[in-house]
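Chemist: Protein sequence lines correspond, in order, to chains P and Y. Just so you know, we're using full-length UniProt numbering here: the first sequence kicks off at 1 and counts up by one. Just so you know, we're using full-length UniProt numbering here: the second sequence kicks off at 1 and counts up by one.
Treat the hints loosely; a few may be bogus.
If chains are identical, the list can't say which one is meant, so a pair holds when it fits in one copy or spans any two.
Each computed BS3-like pair below joins lysine-lysine, with the alpha-carbon atoms no more than 25 Å apart [claimed, not checked]:
#1 K137 to K232
#2 K145 to K175
#3 K27 to K175
#4 K145 to K216
#5 K240 to K145
#6 K137 to K216
#7 K175 to K232
#8 K174 to K140
#9 K174 to K27
#10 K232 to K140
#11 K240 to K174
#12 K175 to K137
#13 K174 to K216
#14 K216 to K175
#15 K174 to K145
#16 K27 to K216
#17 K240 to K140
FYI, nobody ran anything at the bench for these hints, they're computed from the structure.
Listed here are the chains, written in short residue letters.
There are 2 protein chains.
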Amino acid sequence: MTGQKADNVVTAAFLVIGDEILSGRTKDRNIGFAADYLTSIGIDLKEARVVPDEREEIAAAVNALRARYDYVFTSGGIGPTHDDITAECIAEALGVPLILDPRAVAILEAHYPPGQFTPARQRMARIPQGADLIENKVSKAPGFKIGNVYVMAGVPAIMQAMMDAIAPTLATGKKMLSETVPADMPESRIAERLAAIQDTHPQTLIGSYPQADNGKFTTQIVIRSRDEAILKAAAEDVAKAVAELSG
Amino acid sequence: MTGQKADNVVTAAFLVIGDEILSGRTKDRNIGFAADYLTSIGIDLKEARVVPDEREEIAAAVNALRARYDYVFTSGGIGPTHDDITAECIAEALGVPLILDPRAVAILEAHYPPGQFTPARQRMARIPQGADLIENKVSKAPGFKIGNVYVMAGVPAIMQAMMDAIAPTLATGKKMLSETVPADMPESRIAERLAAIQDTHPQTLIGSYPQADNGKFTTQIVIRSRDEAILKAAAEDVAKAVAELSG
Chain P
1 MTGQKADNVV TAAFLVIGDE ILSGRTKDRN IGFAADYLTS IGIDLKEARV VPDEREEIAA
61 AVNALRARYD YVFTSGGIGP THDDITAECI AEALGVPLIL DPRAVAILEA HYPPGQFTPA
121 RQRMARIPQG ADLIENKVSK APGFKIGNVY VMAGVPAIMQ AMMDAIAPTL ATGKKMLSET
181 VPADMPESRI AERLAAIQDT HPQTLIGSYP QADNGKFTTQ IVIRSRDEAI LKAAAEDVAK
241 AVAELSG
Chain Y
1 MTGQKADNVV TAAFLVIGDE ILSGRTKDRN IGFAADYLTS IGIDLKEARV VPDEREEIAA
61 AVNALRARYD YVFTSGGIGP THDDITAECI AEALGVPLIL DPRAVAILEA HYPPGQFTPA
121 RQRMARIPQG ADLIENKVSK APGFKIGNVY VMAGVPAIMQ AMMDAIAPTL ATGKKMLSET
181 VPADMPESRI AERLAAIQDT HPQTLIGSYP QADNGKFTTQ IVIRSRDEAI LKAAAEDVAK
241 AVAELSG
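Generate coordinates for the entire structure from the input sequences, incorporating the hints supplied.
Modeler: Next up, the structure:
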């Protein structure tokens with residue numbers, strides 16, 4: 001469904017697969033990257049999940065998310081080691097066989113010195129039947145796309161390169177625009193005004209985000225809308241309220 | 001259920017609530033913090049989710065997670081503004097009324113100058129009936145605990161203070177221990193050996209994490225177990241394999 005959708009809203013979920021995130025060993029950076037990236041191209045990230053390297057957990061999450069959202073993007077678990085089980089779990093979730101994909105074999109055979117495309121490395125060529133490959137410019141081993149599920153590597157640099165590879169093929173909606181109004185006050189001081197402004201501008205989403213800087217509370221007010229004029233009108237009302245309350 | 005559980009495993013999920021994470025405006029740091037924190041006290045984080053500030057999404061996620069895990073920890077959406085809807089959603093999810101909690105009112109009334117405990121600030125005293133409060137040493141407005149659900153602020157400094165407040169009351173399991181063996185090689189070179197070591201030591205979890213540093217691939221191998229002797233034996237086998245393959 002490349003191109004722009006009729007209702008102007010395209011939704012996605014991001015699924016991080018990996019024990020190392022849940023144990024705290026590795027701090028996830030892929031959700032934040034995907035949130036920025038998808039927002040910038042006109043896809044609304046509606047949910048993110050982190051699940052462990054466990055067969056039933058991965059399959060259940062993929063099936064729950066692919067039924068609810070236009071796209072599911074995953075990161076993690078497609079390397080050559082025994083704990084990389086994402087490809088087989090996706091195949092299982094979608095009810096298709098996992099095959100040694102000739103296209104992936106060709107890419108990896110060309111990448112390794114003769115005789116070094118070992119059984120472990122062949123794991124990275126196991127792809128669910130019927131999937132399209134996602135190019136990996138960084139380390140060659142491809143991701144894949146099957147149905148509305150896009151399966152990418154966990155290493156941020158590789159995941160990001162894969163996002164670049166698939167972005168031109170994705171359907172996008174009308175971009176969500178945003179303006180930020182900083183307020184040098186705790187959010188409780190401006191809360192009632194913001195609620196009234198939100199009521200006056202129902203086609204916007206007004207978010208209030210407190211920050212604690214050296215014990216002093218300030219607030220960032222973020223106004224979001226797909227319509228530039230509506231956004232501007234609401235942001236002006238917010239700026240006016242901030243100015244009045246700062247006086 | 002304070003104390004140590006009989007089967008030695010206590011599980012948890014972490015739920016981040018907030019449009020700002022899914023839009024990319026704010027990068028979540030609470031999942032990573034909670035992962036480290038819970039691991040260190042003997043609670044296994046088994047799943048994390050990020051959902052938007054939408055009533056049905058919050059309630060559905062809380063109900064799904066509280067049924068599956070010993071504990072659910074949430075962050076975000078308990079401030080004074082119109083977009084802070086977590087307390088009402090949790091009340092709805094648990095089927096209890098949301099009340100103006102006298103204990104929370106007392107804390108906040110004492111905190112603000114006379115006459116400044118405004119209606120917006122009173123929002124922060126709305127707590128599901130039957131909940132216990134969670135102390136907030138940073139900015140006073142309390143979190144709360146109802147059933148196995150712990151509801152905390154989104155601002156990392158406040159969330160972290162709340163974790164400190166509740167940690168002594170949590171049941172914990174036998175701590176998951178870990179050792180890391182670095183390998184100066186791409187993980188595909190050691191993959192077959194790791195699979196064999198994992199088979200030999202079924203009571204461990206062996207994870208292999210590739211890193212790309214300036215175009216050079218190295219690997220961190222993490223062995224985890226709740227049993228120190230089993231952990232040590234497996235880690236020694238991994239270190240031996242790394243040494244042999246490095247030679």
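Chemist: Evaluate each hint against the coordinates.
Modeler: Hints versus structure:
1. K137 to K232: Neither way: K137 and K232 sit 40 Å apart in one copy and 38 Å across, limit 25 Å.
2. K145 to K175: within (24 Å within a copy, 38 Å between copies)
3. K27 to K175: Intra 29 Å, inter 20 Å, cutoff 25 Å: inter-copy only.
4. K145 to K216: So K145 and K216 fail the 25 Å test inside a copy (47 Å) and across (27 Å) alike.
5. K240 to K145: neither (48 Å within a copy, 38 Å between copies)
6. K137 to K216: Answer is between: at 14 Å across copies they meet the 25 Å cutoff, but 46 Å inside does not.
7. K175 to K232: Within. Shortest intra-copy distance 15 Å satisfies the 25 Å Cα cut-off; inter-copy 53 Å does not.
8. K174 to K140: neither (33 Å within a copy, 41 Å between copies)
9. K174 to K27: Classified as between: cross-chain Cα gap 23 Å, same-chain 31 Å, threshold 25 Å.
10. K232 to K140: Neither: 45 Å inside a copy, 35 Å across copies.
11. K240 to K174: Classified as neither: same-chain Cα gap 28 Å, cross-chain 55 Å, threshold 25 Å.
12. K175 to K137: neither (28 Å within a copy, 40 Å between copies)
13. K174 to K216: Answer is neither; intra-copy 37 Å and inter-copy 40 Å both fail.
14. K216 to K175: neither (34 Å within a copy, 37 Å between copies)
15. K174 to K145: within (24 Å within a copy, 40 Å between copies)
16. K27 to K216: between (28 Å within a copy, 21 Å between copies)
17. K240 to K140: Neither way: K240 and K140 sit 53 Å apart in one copy and 29 Å across, limit 25 Å.
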